[in-house]
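Chains as they are written, first to last, in full-length UniProt numbering: chain R, 1 to 445; chain V, 1 to 445.
Keep in mind that the hints were calculated from the coordinates and are not lab data.
We treat Cβ as the ideally placed atom computed from N, Cα and C, and that holds for glycine.
Certain hints may be false.
Stated by the list, open to error - A few chain R residues that face chain V, going by a derived Cβ cut-off under 7 Å, partial list only: (1) P75; (2) E88; (3) N90.
As the list claims (entries may be wrong) - Taking lysine to aspartate or glutamate and the EDC-like style, the derived pairs with C-alpha atoms no more than 16 Å apart in a straight line are: (4) R:K140 to V:E64; (5) R:K70 to V:D385; (6) R:K74 to V:D135; (7) V:K74 to R:D135.
There are 2 protein chains.
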Amino acid sequence: MALDDVRLGRIKPAPENFLSDEDIQSVKEGRRDFLRKAFVAAGAAVAAPAVANAQSAGDPAILELPPWSKMLGKPVAANPYGMPSMYEKNLVRRESPGLTRVSGSSVAFTPLQGLFGIITPSGLHFERHHQGWVDVDPNKHRLMINGLVKTNAVFTMDDIMRLPSVSRIHFIECGANTGMEWGNVAVPTVQYSHGMLSCSEFTGVPLKAILDMCGADYKKGRFILAEGADGSSMTRTIPMEMVESGEVLVAYGMNGEMLRPENGYPLRLVVPGVQGVSWVKWLRRIEVGDKPWATKDEAVHYIDLMPDGLHRQYSSIQECKSVITTPSGGQLLLDKGFYNVSGLAWSGRGKITRVDVSTDGGVNWRTARLETPVLSKALTRFNIDWVWDGKPAILQSRAVDETGYVQPSYGQLRAVRGTKSIYHNNAIQSWKVVESGEVSNVQVL
Amino acid sequence: MALDDVRLGRIKPAPENFLSDEDIQSVKEGRRDFLRKAFVAAGAAVAAPAVANAQSAGDPAILELPPWSKMLGKPVAANPYGMPSMYEKNLVRRESPGLTRVSGSSVAFTPLQGLFGIITPSGLHFERHHQGWVDVDPNKHRLMINGLVKTNAVFTMDDIMRLPSVSRIHFIECGANTGMEWGNVAVPTVQYSHGMLSCSEFTGVPLKAILDMCGADYKKGRFILAEGADGSSMTRTIPMEMVESGEVLVAYGMNGEMLRPENGYPLRLVVPGVQGVSWVKWLRRIEVGDKPWATKDEAVHYIDLMPDGLHRQYSSIQECKSVITTPSGGQLLLDKGFYNVSGLAWSGRGKITRVDVSTDGGVNWRTARLETPVLSKALTRFNIDWVWDGKPAILQSRAVDETGYVQPSYGQLRAVRGTKSIYHNNAIQSWKVVESGEVSNVQVL
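With the sequences and hints as input, model every part of the structure.
Here you go:
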């Protein structure tokens, strides 16, 4: 495309991106005034790329040299551990107030609407705790192995970190992600609808190697119990075949550094493809056993009430799912024209093979570009071009994984699962765009 | 291996890992006292995994429930933007004092000795500035395209962020990384010897797409000039064929979020495989031209003085290189036994195909395991087992890339390049282990 042919549309981000406080205030006070101002600004900016430099000289931003081009900046290691720009201070994880009785057992959602690629910055990794988070002293932390093993054992962090390690990029999604939508509660932004989702490079020791050292009885011991050291003593059963695959890790590293306290420092279980609750944080004990334990968090919580009145238990694999992160709920398209539609796809059963995108509520679909690397049980970033004609539109994405599984519509999901669930919603997400450019969350069956 | 067969060695990390202030003080005051204490502690800990739980009950850490297992922890979003554990506060980037006249034009090194996998946490990305770092207002920032193009243009950040984007994982290495070693200055730790090296997932627009929009003259315009908006007005020539390959990005995203101010927020050039100085930060202008510009930072700096007295210029590709990050200089092996030897390999010309490791100074070599994904022009993590017999050892790694290039020894490198260089040292790194377990930096020809 040549510059003259391109009419760049622009997005007013949901109020978490680099907007001035004034901008955000305008949005809060009512969109109209803000919209007028924004259109003026957008008009000026759209003109810029399409004109020769004679005209763009009228752009005040390039008429004079900004202060940062005329000064000695800050020294290196001014922040020995660096932080984002001051203009990004609104892009943070956020709690949905009132979701639980105390914030220690609540959720802080990842701001997917402002993120790129597949790696989630560790500072923005979603949080879900059962009794708050703790900063465990690694010198005092221990991992105990017991049950159907020849030798019970207790490992220090030093012991664990000296063992052969592997590093792998995987997504982690809470089983309750997109849970509000079962009740047709259209939460306003993708942060709240899909933000219990992150993807990191994890480093640790395959649990299989540790169980081998202890002489685990793999014939009788077909399950393990993982237990955390926080106040909730989170306990989860995991089938031994997952451990035997070599994929389950006793991890201490996340995105290159030690785990963050909120994510289980100094040790958590990594169970690729499985819902987050099984990735037990502050991991202190692994027991090998011959049957599932049916603990509180697998008998009462994280289960699905089916239409026949029975509960589905141990349904831990996160099925194939995707979501468009931009444009998404709460954002505002400020003009007709070209947009880069971008989103995330993932499957607990392997690699993503295709993502299709519709802008007309599922009538027509086009196949999006997948960014590489496409990894098993990791987020996959997709992008596709879209020229908005200014008319109402409904944006959807539909992912397919390497098993051939196709992400279902709400109609398809409900036909099987009913409407009483809280967990394991992987239906196609719809974002409605109206003439004013407002983007909102709608449910399309 | 069974637990009884494993005698886990342990490493006293260089004083940047989770050591108490007391530990670090001990190291500073002289190792002897510290060593005694450490051996006692290590002895107790080594015993633990090898005994049944009857004995490990003697471990005070598991005799009583720690406080964090009995309390309600902190709420979610206590840190809306999270930070590392308080026990990791010594793992930071560090300046080498006195390296330059002012810290605004200095280097802060990445603590490779404490990192895992291939992704560098953005807070620990190395820094190298020429006139300090600045936090540029994205609403006022502009990118201008001029020179041999049909239409000069000025882009706002909004314009850039609406264009089709790609996300890719690449390493960035300063051309001066490991530069002190040319003068046989054995800097003490891998942080200072190799820490001008990071690897991130970058998101942005291929520069080719932007030049296409402006109608660049690819026949005459065989070079581009990239210019930064900081006080140093950093300018670098880049061959157009690199742009035409589609690999050069105008990037705004790093590890999922906007670039950090120290790394060029809101816009930097990404030039995969090329030395860091060409990845112009705070990018404000791209000019298309018909010959190299020979700017200060390519005519006077970032050049190599060869044995024949001539300078090598525009030698921008970072050749195949590797380094063992643990065990590494400044660390201390506290016991004989099993160690996981881990390190990083990379090549500016493509993928790493093999890394060999020697523990006897290059006489014998074994091939290490490469962690996946192995990506082009990205860091590759390697791991290999080693049982230390308590005798002196010299640890080395030697990488091979997909072009067949083999990382040279110091002898091989100097035979071609002489000894007068500052930049582009990719020789094999040697870490010497002595009987006491001390690890130090030595040069092996």
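Do the hints match the structure? See the list:
no., hint, in the structure
1, P75, "holds (3 Å)"
2, E88, "holds (5 Å)"
3, N90, "violated (9 Å)"
4, R:K140 to V:E64, "holds (11 Å)"
5, R:K70 to V:D385, "violated (53 Å)"
6, R:K74 to V:D135, "holds (9 Å)"
7, V:K74 to R:D135, "holds (9 Å)"
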